[in-house]
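Novice: So you can see what is in the structure, the chains are spelled out below.
Number of protein chains: 2
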Amino acid sequence: MLMGPDIETLIQKISRLPGLGPRSARRIVIHLIKNREQILFPMLTSMDNVLKNVKVCPICSNIDTFTDMCSICSDSKRRGDVICVVESVADLWAIERTSCFSGRYHVLKGLLSSIDGQGPELLMLDKLQKRCKENSITEIIIALSANVEGQTTNHYIRNFFKRSSLLITSLAQGIPIGGELDYLDDGTLFAAFSARG
Amino acid sequence: MLMGPDIETLIQKISRLPGLGPRSARRIVIHLIKNREQILFPMLTSMDNVLKNVKVCPICSNIDTFTDMCSICSDSKRRGDVICVVESVADLWAIERTSCFSGRYHVLKGLLSSIDGQGPELLMLDKLQKRCKENSITEIIIALSANVEGQTTNHYIRNFFKRSSLLITSLAQGIPIGGELDYLDDGTLFAAFSARG
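Protein sequences appear in the order of chains A and B.
According to this note's numbering, the first sequence is numbered sequentially starting from 1.
According to this note's numbering, the second sequence is numbered sequentially starting from 1001.
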């Protein structure tokens, strides 16, 4: 046996995290073991806190430490008439970092994908519809990635709310800030042209 | 506050691990929280086991789960007359994976580096010398990286054992397997030419 079973198990577990592999997992585990008191022990405490305290918000599916609902749903200073639909909590955090939106969120459990067998139940649209009615929401902003799954899901959500009086909007598509024309793909250039203003 | 303090603390800690940054740390933390029972909890248990059970071998400085000495030092089937000097446990694991060496190891605490203020005390050569005398070692293999720090340390170790009767060898330098001549750097090509045989 090359190394103790405990070390091997930890390396295996870490190597399965997103973006990591066996080599980076080995580096991380050696780093953790070398800095047992300064890094490994505090990391353990920190993970334990997250395990104990972090919950999924029953209203918007954001993850946070809370008692009844997440800090965004319980913040009375935020606009109560707009809901932004995002694919994941990572996207919610990305939008929050820009400070461009002060409404509330609806975090999907995933996007529609026939290849991965992901159906409309992941979108929890009945829950969203109920929430819109109960809170007199006027606008739903669909903030999904501009890939096939994102656009399919966008279309499905728009179709679902077709008969409602809600304003349904999507993120603008066009040239990214700093983007140079001749490096852009044809699709983006076409979209930017079509949506010119 | 964008997210709970527990989540933020964990992201910060993970982002400081080698090879990771804020973005990958966020992805990992979301993955951990989403898979709380299947991934986060087992990871916690696994880290706790490592924290409790893994020690540094008093003889060779390998890390392992053991009572008196590591599995390599206590394995009586391994050759007892050769010691291989490596920079880190990662390098020890790399050599073990090749199964090309059946002796024992001496794991350095770092390489000589005047820029980083790393002096000869990291090499623990007195300990290595004592071990060589007590165990009638005949050969020391210096298996260090072919960079400036590695070669400086190699030179220092050779100089330290100059008056002893020990055979001191280093890893061969040359073209890596699968390497193509015209993509090699000049230094490697020169070394490969000089050491031809």
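The set of hints was computed from the structure by calculation and includes no laboratory data.
Incorrect hints may have been included.
[Unchecked claim] Restricting the straight-line Cα-Cα distance to at most 16 Å, the calculated cross-link-like pairs of lysine to aspartate or glutamate (EDC-like) are:
(1) A/K55 to B/D1091
(2) B/K1052 to A/E149
(3) B/K1055 to A/D6
(4) B/K1055 to A/E149
(5) B/K1109 to B/D1091
(6) A/K133 to A/E180
(7) A/K162 to A/E139
(8) A/K109 to A/E149
Fair warning: this is a prediction, and the values are worked out from it, not measured in the lab.
Novice: Each hint needs a verdict: does it hold in this structure or not?
Specialist: Verification of the hints:
The straight-line distance between the Cα atoms of A/K55 and B/D1091 is roughly 41 Å, outside the 16 Å bound, and the hint therefore fails. Among the hinted pairs, B/K1052 with A/E149 is inconsistent with the structure: their alpha-carbon atoms are about 45 Å apart, more than 16 Å. The hinted pair formed by B/K1055 and A/D6 meets the criterion: a straight-line CA distance of about 11 Å does not exceed 16 Å. Taken as a hint, the B/K1055 and A/E149 pair is broken in the structure, with Cα atoms around 48 Å apart against an allowance of 16 Å.
Between the alpha carbons of B/K1109 and B/D1091 the distance comes to roughly 12 Å, so the proposed pair stays at or under 16 Å and holds. With a CA separation close to 44 Å, the supplied pair A/K133 and A/E180 exceeds the 16 Å bound. Between A/K162 and A/E139 the alpha-carbon distance is near 13 Å, which keeps this suggested pair within the 16 Å criterion. Only pairs whose Cα atoms come within 16 Å are accepted, and A/K109 paired with A/E149 is accepted, the gap being roughly 13 Å.
Checked against the numbered hints given earlier, this structure breaks hints 1, 2, 4, 6; the rest are met.
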